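Sequences listed follow chains C and D, in order. Under this note's numbering, the first residue of the first sequence is numbered 1, with each subsequent residue one higher. Under this note's numbering, the first residue of the second sequence is numbered 1001, with each subsequent residue one higher.
There could be a bad hint or two in this list.
Said to hold, decoys possible - Within a straight-line C-alpha distance of at most 25 Å, the following computed SDA-like cross-link-like pairs (lysine to any residue) qualify: (1) D:K1070 / C:I215; (2) D:K1074 / C:M220; (3) C:K83 / D:L1129; (4) D:K1070 / C:L93; (5) D:K1070 / C:V226; (6) D:K1070 / C:Y224; (7) C:K83 / D:G1134; (8) D:K1218 / C:Y224; (9) D:K1074 / C:Q161; (10) C:K18 / C:A3; (11) C:K83 / D:N1139; (12) D:K1070 / C:L92; (13) C:K83 / D:V1135; (14) D:K1074 / C:V226; (15) D:K1218 / D:E1072.
Keep in mind that the hints were calculated from the coordinates and are not lab data. Here the structure is a predicted model, which is why all the values come from computation and not from measurement.
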Amino acid sequence: MFAHFKSYLQAVGAIIWKDMAAEFRSRELLSAMLVFALLVILIFNFALELDISTRSSVTAGVLWVTFAFAGTLGLNRSMASEKDRGCLDGLLLAPVDRSAIYFGKAIGNLLFMLIVEIIVLPVYSVLYNINLLQPGLILVILLGSIGYVSVGTLLATMAVQIRTRDIMLPILLFPLAIPVLIAAVKASDGFLQGFPLADIMTWLNLLIVYDIVFITIAFMVFDYVVEE
Amino acid sequence: MVEKTRLLTIFDILTFIFMLVAIGLVFFYAPVEEIMGQVQKVFYFHVANAWVGMLGFTVAAVMGGIYLWKGERKWDIAGFAAIEISFVFFLVAIISGSIWARPAWNTWWTWDPRLTTASIVELIYAAYLLLRRGVDDPNRRARFSAVYAIFGFLSVPLTFISIRLLRTIHPVVVGGADPSAQGGFNMTGPMKATFFFSLFAFSVFFVDLLWHRIRLGKLQEKIENLRWHKN
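Bound-form chain D, shown alone (with noise of 0.2 Å):
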């Protein structure tokens, strides 16, 4: 487990490749959208980024739940894994959505429900890292994560139904008549195919990230258990 598996090394190769293509492909094989130009090119990172963001909370919170239900330690560092990678992607998805808006909409922010469930989403995850920050005990941090990640992810579709409810009610002015707001705009073919090769390479890139993560945390624990039994 010290060196770098053989097959690692080919998939970071592989991640790269796919990365550059899928930003090739953004640059060069799109087509410029009419209405917003260049800008809109930034929809293919943003949705891909966000995509992957809510990728990880799932794996995270099945991770917490397999550790609750077997006690391996590993299952734990697979899902603070998943946790602190996703927070980061989803930070990417959401400041890509502000330079997007900016343009787009005139206002770098705005409450409506994907948005607000976007930015409780991710101080979900803000709390789940503070809350392994204070727990010393491996096996209690384990536990108490594995059950915040399990309640926090149980809690966003209640949230996201919330908000919903509460902003279609209470319309929210601002809001393009774009109808790319809606995130439903068409799309033709090249724009299809970068927008799901975009996805793929992001999926890729993730499992790539979570899996290199992984390997930092089992060097972590060795390292915690040899100090520990030192002592």
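Chain C with its partners taken away, still in its complex shape (with noise of 0.2 Å):
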């Protein structure tokens, strides 16, 4: 039994190594995804106004957005390379629960995210003269992206398997990660604004039970997405 599931960590592990270890050595895309952030970061500074008063009240709705486009982009890459290389396949062949391959790949994914949001958050505390690097604020971006990346990672597979690939996972998933959206956002304003704990935990409470909800029932459906 346990050496059931250590096997099963093992294999995602194995996983997770393997996308680090594919990604670090082309970084072709975590270059694509923070490039992608940092343009949207500046698009956002003409297409809003951010001058210092309005600022503090739109720089959680803004590093959002930029968060689920550049997320949405990796979550694509990611699945695709998966797919066009036939690693997928590989996968499958492997003796290992099907729910591994979702775990390992939503984890890789998440920490992708992960490493574009740290590395967004000092260059946008620069640019705006905010500080960003606030404990609350982390939280909600680890929480928020967990339960971006763990919808995202099972409707990218199927997306990946569409002709319409390209488009069809934003489609798939902006209704779907609404919830996450407006509580990672309402939660990240509340800390920057420095609102009472008592407040914020309304959204936070809203975002770890759409994470434990959706990664629940991922991890129940990924076999019927991933079967041929």
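Using the hints, put the two chains back together into the complex; each one sits in its own frame.
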């Protein structure tokens, strides 16, 4: 029983290690996500009036739109490379529980998203003179990213098998990710504006509930999404 | 399966009669409401359509679950039928609500929790339909549709709650003092009767359309099989 769990964890770890190793050799995914994120922030500079008075109220929203778009990019590319190079078939042939593939990919995608977010935060802080390196905000980013990536990985696995692959992921993901985005933006905003923790707890709870519910469902249905 | 079964024909006639009666009740039996006048009558159809739209989503999610469990194509056909017709019913609900809103609230649209959630649900339907279009293999299409229907359905309560929390903290400026804006206006006897009958008639209409659509789906599957086997 314990041996089975250990091999499961090894499988998950192997997939994460594979993604990380491949990525750090080419760095194509991270650089694309990062440049894209910075471009989005740049566009927001012109699209919204980010002068000093309004800046504090829209920062949370700008950040999360950026993360959502960059995250979509990462999810797409991550699953696409699996499909195109036949890695997914290889993984499916391996004698591991299919859900290990899901967790491996999801955690890998989460790490990519977190790396981008960790770089974006100080850059944004410098550009707009706001201190974003607060523990509360980082917690929200972690919880929000987990939720986003858990649904996103499953939907990306479906999307790469569809003809209209690049456009399908946002169409499928955004309506389902609304609760994460709302809760993450409100919670981020709460921490940035210095609201009392009691007010922010609602949003944090919502994030946690979403994360648990959707990770569970994704884990249960992943088999159906990859079977031939 | 080529000819329409007798039962379906009878059901068609019944549906037609019920809908006629419902329309008749709305225009001739239900009293004209004091504050809003004739416009209020849109509500009888608006709520019925919205109810049926959400019912369809539930049906589709359940069908999806059963398909994943059993693997028989008929559940997929039923799920697709449910989403496709719910898409239209819900769209009618949204548009009729908008028509009601203009004279009542002086705006075509407002971003209150119910309307926002409704627009998200409609977009989930659209995403589902696009998803089906993009997959050629019928088994894969069925599996993906089932998964997405389940995911979509389960996301709706969380979406509604999160938007509700969002909007109660930042109240929406537009929203009439009109109590029926909250859907809780006092209905007199005849109004209640009309309302519930309308709900019933539209539910029957939904089942009738669903039946037809499932029939159509099965015929489509037959054609697909013939085409495939021929090649």
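Verification of the supplied hints:
Pair hint D:K1070 plus C:I215 holds up; C-alpha atoms about 23 Å apart against a cutoff of 25 Å. Between the alpha carbons of D:K1074 and C:M220 the distance comes to roughly 22 Å, so the proposed pair stays at or under 25 Å and holds. The straight-line distance between the Cα atoms of C:K83 and D:L1129 is roughly 23 Å, inside the 25 Å bound, and the hint therefore holds. For the given pair, D:K1070 sits about 24 Å from C:L93 by alpha-carbon distance, which is consistent with the 25 Å threshold.
About 17 Å separates the Cα atoms of D:K1070 and C:V226, which keeps this hinted pair within 25 Å; it holds. Between D:K1070 and C:Y224 the alpha-carbon distance is near 12 Å, which keeps this suggested pair within the 25 Å criterion. With a C-alpha separation of about 16 Å, the suggested pair C:K83 and D:G1134 falls inside the 25 Å cut-off, and the hint holds. Taking the CA atoms of D:K1218 and C:Y224, the gap is near 23 Å; set against the 25 Å cutoff, the hint holds.
With a C-alpha separation of about 23 Å, the suggested pairing of D:K1074 with C:Q161 holds against the 25 Å cut-off. Restraint check: the Cα-Cα separation between C:K18 and C:A3 comes to about 22 Å, which is no more than 25 Å; the hinted pair holds. As the CA atoms of C:K83 and D:N1139 are separated by approximately 19 Å, the hinted pair is consistent with the 25 Å bound. Only pairs whose Cα atoms come within 25 Å are accepted, and D:K1070 paired with C:L92 is accepted, the gap being roughly 22 Å.
With a C-alpha separation of about 15 Å, the suggested pair C:K83 and D:V1135 falls inside the 25 Å cut-off, and the hint holds. Between D:K1074 and C:V226 the CA atoms are separated by roughly 21 Å; this keeps the pair inside 25 Å, and the hint holds. For the proposed pair D:K1218 and D:E1072, the alpha carbon gap of about 12 Å is at most 25 Å, so the pair holds.
Violation of the numbered hints given earlier is absent; every hint is satisfied by the structure.
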